[in-house]
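A.B. asks: Read off the chains here:
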Amino acid sequence: MAGIEIAKVVKAYGSVPVIHGIDLSVRDGEFVVLVGPSGCGKSTLLRMIAGLESVTGGTIRIGDRVVNDLPPRDRDIAMVFQDYALYPHRTVAENVGFGLRMRGADAMTIEKKVKEAAEILQITHLLDRKPGQLSGGQRQRVAMGRAIVRDPKVFLFDEPLSNLDAQLRAEMRVEIKKLHQRFGTTIIYVTHDQVEAMTLADRIAILKAGHVEQFATPDEVYRRPRSTFVARFIGSPSMNIVPARIAPDATTITLDGDAAVPAPASFARARGRDVLLGLRAEHLGLAGPDGVPARTVIVEPLGSDTLALMQIGRVEMTGRFPPAAPLRAGGDVTLRLDLEQAHLFDPETGLAIV
Amino acid sequence: MSDAIRHRLTPLEKSERRLGFAMLAPAFLLLAAVVLYPIAELIRNSFHFNHLAQPWMGTPFVGFENYVKALGDDRFHEAVLHTVLYILVTVPGAVVIGLGLALLANQPFRVKWPVRLGLLLPWALPLVFAGLIFRWFFEYNQGIANAMLRGLGLEPLNWLTSPGLAFFAICLAIIWKSSSFVALVLLAGLQTIPKSFYEAAEVDGATKWQQFREITLPMLRPAIFVALIFRTITAIQTFDIPYAMTNGGPGNSTETLAMYIHKTTVDFLDLGYGSALAVLMFIVSAVITSLYLRHTRRDPGRH
Chain S
1 MAGIEIAKVV
11 KAYGSVPVIH
21 GIDLSVRDGE
31 FVVLVGPSGC
41 GKSTLLRMIA
51 GLESVTGGTI
61 RIGDRVVNDL
71 PPRDRDIAMV
81 FQDYALYPHR
91 TVAENVGFGL
101 RMRGADAMTI
111 EKKVKEAAEI
121 LQITHLLDRK
131 PGQLSGGQRQ
141 RVAMGRAIVR
151 DPKVFLFDEP
161 LSNLDAQLRA
171 EMRVEIKKLH
181 QRFGTTIIYV
191 THDQVEAMTL
201 ADRIAILKAG
211 HVEQFATPDE
221 VYRRPRSTFV
231 ARFIGSPSMN
241 IVPARIAPDA
251 TTITLDGDAA
261 VPAPASFARA
271 RGRDVLLGLR
281 AEHLGLAGPD
291 GVPARTVIVE
301 PLGSDTLALM
311 QIGRVEMTGR
321 FPPAAPLRAG
331 GDVTLRLDLE
341 QAHLFDPETG
351 LAIV
Chain R
1 MSDAIRHRLT
11 PLEKSERRLG
21 FAMLAPAFLL
31 LAAVVLYPIA
41 ELIRNSFHFN
51 HLAQPWMGTP
61 FVGFENYVKA
71 LGDDRFHEAV
81 LHTVLYILVT
91 VPGAVVIGLG
101 LALLANQPFR
111 VKWPVRLGLL
121 LPWALPLVFA
131 GLIFRWFFEY
141 NQGIANAMLR
151 GLGLEPLNWL
161 TSPGLAFFAI
171 CLAIIWKSSS
181 FVALVLLAGL
191 QTIPKSFYEA
201 AEVDGATKWQ
211 QFREITLPML
221 RPAIFVALIF
231 RTITAIQTFD
241 IPYAMTNGGP
251 GNSTETLAMY
261 IHKTTVDFLD
271 LGYGSALAVL
281 MFIVSAVITS
291 LYLRHTRRDP
301 GRH
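Chain order of the listed sequences is S and R.
Here my numbering is used: position 197 in the first sequence is 197, and no number is missing along the way.
Here my numbering is used: position 251 in the second sequence is 251, and no number is missing along the way.
One chain only, chain S, in its complex shape (with noise of 0.2 Å):
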């Protein structure tokens, strides 16, 4: 086991940047998600851990050991894929096997911890089959079998879910978090699914243009989004961020030009500035004559709550209602918004104001 220190790490392909100097110090046993969207270095980030990218600059230490020039195979690091790159001419015991066998262990300890992993995973019934007569669940608890056989200090997963359905892709979430629970060993795992990066991590990173947005808890990043981006791309739906103005006595700020709303104390912070204005859909409820009017554009019932596209003055805002709430599509209700909940961003910047 061994943590993961990453200090200015910068990644070039010729002439062209993609990482620009990224920090991060991962603990002992501490599962990170790298999360962004496509195109914002994360898969090139795992890589270079892994040591199938080579790196520009900076360090990255794996323990007490600095990996930059070491070959995948001295990283003592397990990888699962996205394609779960599992040889189609080996069976399972085979394919769990393989990097024991290359690694040049016996018959006998192969067999063992093969079988060992095998139960872990519920796959003993399938070793003897190959890859392709296995469905798509199966094969990602496969490979995953090919990590945890080797035992290893870190294990890095690139985008391991997205090739399953959304109910398989829940159940998997469970199962590798029960592993992780089970083996404490530091996982970084790269995903583009918020939902996943929430579910799983101790720590997101949140990834934009190569370079780190947010470190921190998924509760951190949730509450405490650091910039818009931060807050738009976490949580679903994404968080209301509309333009306004706070008064310059700050007891009241304008939404767009229109609806003046009274404003916390806490905004005194802001005070006779333009701001973003951000508020996630649960901090909007319905409330009596005295709300703020508003016009419901659209209505999308989940079941255990729904939602409800809003339409304040010249702003649009999606709230998350009870599902009894009577809502429907062109109605005026009044809305409570729930001012003390809400975060504040500069408009130049992007970043929250603290």
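Note that these hints are calculated values from the structure, not bench results.
One or more hints might be untrue.
Calculated cross-link-like contacts (lysine-lysine; reagent style DSS-like; alpha-carbon spacing at most 30 Å) [claimed, not checked]:
#, chain 1, residue 1, chain 2, residue 2
1, S, Lys-177, R, Lys-195
2, R, Lys-195, S, Lys-208
3, S, Lys-112, S, Lys-153
4, R, Lys-208, S, Lys-153
5, S, Lys-113, R, Lys-69
6, S, Lys-178, S, Lys-115
7, R, Lys-69, S, Lys-115
8, R, Lys-195, S, Lys-113
9, R, Lys-208, S, Lys-115
10, S, Lys-8, R, Lys-195
11, S, Lys-153, S, Lys-8
12, S, Lys-115, S, Lys-177
13, S, Lys-130, R, Lys-112
14, S, Lys-153, R, Lys-195
15, S, Lys-112, R, Lys-208
16, S, Lys-177, S, Lys-113
17, S, Lys-115, S, Lys-153
18, S, Lys-112, S, Lys-208
19, S, Lys-130, R, Lys-14
With beta-carbon atoms standing in for the labels, derived distance ranges [to be verified]:
#, chain 1, residue 1, chain 2, residue 2, range
20, S, Ala-166, R, Leu-121, 46 to 56 Å
21, R, Ile-193, S, Arg-232, 52 to 62 Å
22, S, Pro-323, R, Gly-20, 26 to 36 Å
23, S, Ala-107, R, Leu-103, 46 to 56 Å
Glycine included, every Cβ here is placed at the ideal spot set by N, Cα and C.
Since the structure of chain S is provided, determine the placement of chain R on it from the hints.
C.D. replies: Here is chain R on its own, set in the frame of chain S:
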């Protein structure tokens, strides 16, 4: 229920079927004219005496006489032996060299076209050209082979006029010419192997050689098999390169079956006997082709 539906053709299906046959007819007629008719004529000829230098003999039916003659014909036996030797040397030779070329061409070169062109050129070259080029290479006075030997201070060799060396030189030319085709087939096979297979092996601790043995070779097996079969079928018919380089000489030492058939019919004008030899060659080709067809009918991706 569904079977009943499948067997009873609706009027629409019947007319579709007629249209299908009508569309196939031109291709079928053309094929019949240039393939089926000559083969039928060849088989007919092989059972007749037909010697253009002896027109007064007519073309009487002689049964299996031509085939019996072949069994006792030493030159035929030698030609078969030479052909088999060419197959045994040049087919594995071309596959090994072709595999090397394919692996080379599959490397991530920054500029890909010179490599691809280098691969394609020998393949695009007519066989006789290749034969002529290598004849010049191995020519005694001005050839590059002897020039190199002289440069090393060695005696020049009679490449094309001593039997063993001529066989060697011809094999070299055939391998050079045919390995590019093999390389193209194998390159296509290589490109179907996902990159992650190698990356996973790399992380798992496999060396480059282990990756080649454990991933490349087994994944390439179907492509190698296809290349072997195609090469073997063309090697049975080896003609142009030895024809251009030695014309079967010295003596008959480099003469192949196809060359002997050509000489029998075109030079000696013995159509009956030549046809019988051609039928024998055709049977061998057909057997190998059918083996290939049987293999491909099974899913080549699963072993």
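A.B. asks: May I ask which of the numbered hints given earlier this structure violates, with the numbers listed in increasing order?
C.D. replies: Those not satisfied are hints 5, 7, 13, 18, 19, 21, 22 and 23.
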